[in-house]
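Mind assembling these two chains? They're in different frames, but the hints should get you there.
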Amino acid sequence: MKSPSLMSQSTLVAREAWKNVRAAPVVTLVAIMTIAVSLVMVGLFGFVMINGQKLMDSMVQDLSVTVYLEQGVNKEEVEEVLSYLKDRPEVAKPTRFLTAAQDRQRNLELLGEELARDLKNDVPGQPCIEFQLRSQDLRTEDFRNIPKRLMEFKGVESVQDLLYIAEDLRVLLALIELTRLTGFILCIMILAAAIFFTFSTIKLAVYARQDEIEVLRLVGATNGFIRAPFYVEGFVAGLIGSILAIAIVATISSQLQTHLSEVQSLNLYLEQMPQGMTVWLLGGGVLLGLLGSALSVGRYLRS
Amino acid sequence: MIQLFHVTKRYANGIEALRDVTLRIHEGEFIFLSGPSGAGKTTFIKLLMAIEQANEGEILVAGRNLSVLRKNAIPYLRRNIGVVWQDFKLLSNRNVFDNVAIALEVLGLPRKQVRRRVLQVLEMVGLDRYAKSMPHWLSGGEKQRVAIARAIVNEPPILVADEPTGNLDPDLSVEIMQTLMDIQARGTTVVVATHDRGLMDRFGQRVVLLNKGFLIEDGSPGVVLPGAPGQTDGRLFMEEGN
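Chains A and B, in that order, are what the protein sequence lines are. Mind the numbering: the first sequence is residues 1 to 303 in my numbering, read in order. Mind the numbering: the second sequence is residues 1001 to 1242 in my numbering, read in order.
No wet-lab data here; the hints were simulated from the structure. Computed from a prediction, not measured in an experiment: that's the story for all the values here. Some hints could be false.
Claimed, not checked - Once the Cα atoms are required to be at most 20 Å apart in a straight line, the calculated SDA-like pairs of lysine to any residue come out as:
no., chain 1, residue 1, chain 2, residue 2
1, A, 19, A, 290
2, B, 1112, A, 15
3, B, 1112, B, 1095
4, B, 1046, A, 223
5, A, 75, A, 85
6, A, 19, B, 1093
7, B, 1089, A, 208
8, A, 86, A, 160
This is chain B alone, in the form it adopts within the complex (with noise of 0.2 Å):
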């Protein structure tokens, strides 16, 4: 569904925020993306999005060569990719509905088929009631899952999401991971770009580990992820705080 081959990034500043990073993430897997500040965690989901363009080698999302990918068929491509971020990235001036319906709007599908499917979504995710609602009115657990419905109400292969428990308490970021769990036992590929050692415990799917732009791991976390679970690993995670 996802591979890379030999990828690297590189900024206009001569920053590399990926080096050489050679990555397979199968049909319907679940992997967190992890390492600490500048690992080059949202670079590589900007590059899965073709928000930025790789320098060197090769990405596949989606059947879809990036390296080669027309800048009019951009769209299309991230039609493929429900993404989550870590400010929830919400249009105020919308109620949850409109903000969930978006997504399906740019579609161009009838309103009565939007209306179907954005309250079937709300309602899987624990949200109908709230359809017209301001995001302003929701916690910050209730807009994360307002993203979420908007990232999945297209049904798109892939979900990715930036750091989504990054503004929860812990009790919520275990919700939210939950759902993003039951996402993926339907089908969906799903990335999540996280340093929360404690909820890749938890949840213990295939970690994939960088730093300074390199993988240095890829595997599950208790082979990852050094020290005792739900500890946070002093020598990668120390510059979390900076």
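This is chain A alone, in the form it adopts within the complex (with noise of 0.2 Å):
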């Protein structure tokens, strides 16, 4: 007899996972939708999240520091105001040093063509170093000391700073950090529900095929042929599942924006489902699917 082709044995196990589909719908319909409703609250919680972290992205990129030297400023001096603010974990890389004509320049672009031609010989320009803080490190109070710290130093005339919201921003902050403990924890929860919903309703599958496997395992089926079905119907249920979960998460997410966008005040713009998390919700939805397969013949095979 001639030996066995990795097309035919494919066939036969895409065969074999249809006639489970077909034999049992219902099962492989639970399992779709308990994947899809797991993958629904996991992806609207990094939904969530992701807002979260850009809203608050947004918000510290206020939290600029702009420190204005003296007009006779020298090269040492500025090292040294470079070099201080390169040591501190609160400042965003990279400081940018602009010369006075640096600044000047930039002012002119602010001002506009018209008010530029203008107003050419009364634009002022100033050395200046400015930074952001990262919001991160708003959790400590120590980003306070740093424009007085500045101010110490020769050369330095005056700093500007917006640290007045900077309070704002720390309860917020908090506020991130606590979901996103939070949610993670739920996620988890959520995950390990869906594991074991999925692998509950494949195991119905299992064992009302029982006697099919009693017969394979007779006329000298090897494990692998018994789970391979077993494994693609938990691909295909993770499959549809996790696309069905992208399609109900882009949704509410597109809505979501759609009415927020209305509330002018907010003037908020909702990142819509991104790329990266498309294909973790995709891979999940799949890993599910076979962690779920996998568990549950695993355990009937081996008792």
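Dropping the structure here:
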């Protein structure tokens, strides 16, 4: 007899998996829905987190500090300030040094063509260093000392900061951190429940086919041969479940975006489903399906 | 082909189903494994199939020593043994063709080859026109012939049948037994567990008699089974009705 080809094996496994689905369509449907619902919850949480972080980042952008230097500041004095800032963990890299000419040029660009032409000779320029604070380092209050400490450097004329909003940002940051932690624990629980439910549903399919499995074992089927159709079924259930979940999360996020964009005062643009998240949900769904199948069939075959 | 050396099988509840059994079955031989209920016939078959493991002794089947056989090698052993059960073990959701094809599918053979071989075997057992029938449409004898077709479709060197005529009337029993004899004539080693003395007398093959786990007789029916041919031996088979 001819040896088995990979093609004929794959076709057979696919056919057997299809037979499983046809024999117990409700079981497959329940597995798909379990995976989809779990992933929707995880996906919505991810959506909230991504946008929470985005909101935080955009607010922290306002948390910039400008250090104005004296007109005659020398290179060493500038280096000293830059070196201090480089060592501060709260300072986002890179810091930006502008000479008086560069600052003037920037001011000209900011004024627009017409105004710039009128004020050509009156536009001021002053050497300065600009930097932003990192959102994650707002937990400590050390950043408050930075402007004071900068004023002690030779060549520093003034420090302009917007640190008064930092306190509000700290509260927001704490809330986001709390949500992240709670959500992470919830996600783990949801995924564990999803694995359990998928495991239980596929176990039903395994038990529904126990006569067939017994015959297969008696005629010399390997465990791999018996398992393969269930793996395919789990894979397909996971894939369909995750596609459903992606569609639902994308619809909800798009609806939310539409409604929020109508609220002018919020000036908030929500991130739609990022590609990375789509890949994670897709991979997560497939993994859930495969894991549920592997656990249930493995347990049955060991018994 | 099959050898047992001082084999003892003891179940977890302490019952010894086989006790110190030593036996040799040659290639191409046909034997009846007989004895009353609880004699150890089914345990004997389960040991050959590696469904159960012997507690003591050694079993050699088709060149494999079952006492050292690894778990993942069991499927490959079973591909050498076709098996027929009293309750047929046919899959009710598959038609006759698919029930037989399953034994070839596990080998991963191409569909075309499976089709050709299945139809050939169904023709051999006289069921080629029932290929698309569902098992519940068939009579007991037909079902058993489907089970035989499934057992021999991959051309195993050994065929084991556990009470294959247990659910059949006498005429059908003879028919099934004749099919098994035909299979043996093609070179397959056939082991049939039965307590039907009439069949043993009629077919006149070697009889191995078990009782309470012991192998008590081994020879031709006339020698092994006392009393007139065609009659059930009172001493040994009295427990049958219990």
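Okay, the hints, checked on the actual structure:
1. Under the criterion of a C-alpha separation no larger than 20 Å, the hint pairing residue 19 of chain A with residue 290 of chain A is consistent with the structure, at around 18 Å.
2. Proposed proximity of residue 1112 of chain B and residue 15 of chain A is supported: the alpha carbons are some 15 Å apart, at most 20 Å.
3. Proposed proximity of residue 1112 of chain B and residue 1095 of chain B is supported: the alpha carbons are some 17 Å apart, at most 20 Å.
4. Annotation: proposed proximity of residue 1046 of chain B to residue 223 of chain A holds, straight-line Cα distance about 19 Å (limit 20 Å).
5. A C-alpha spacing of about 15 Å is found between residue 75 of chain A and residue 85 of chain A, which places the hinted pair at or below 20 Å, so the restraint holds.
6. Restraint check for residue 19 of chain A and residue 1093 of chain B: satisfied, since their Cα atoms lie roughly 10 Å apart, inside the 20 Å limit.
7. Taking the CA atoms of residue 1089 of chain B and residue 208 of chain A, the gap is near 15 Å; set against the 20 Å cutoff, the hint holds.
8. Taking the CA atoms of residue 86 of chain A and residue 160 of chain A, the gap is about 19 Å. The hint holds against a cut of 20 Å.
Going through the hint list in order, the structure satisfies each hint without exception.
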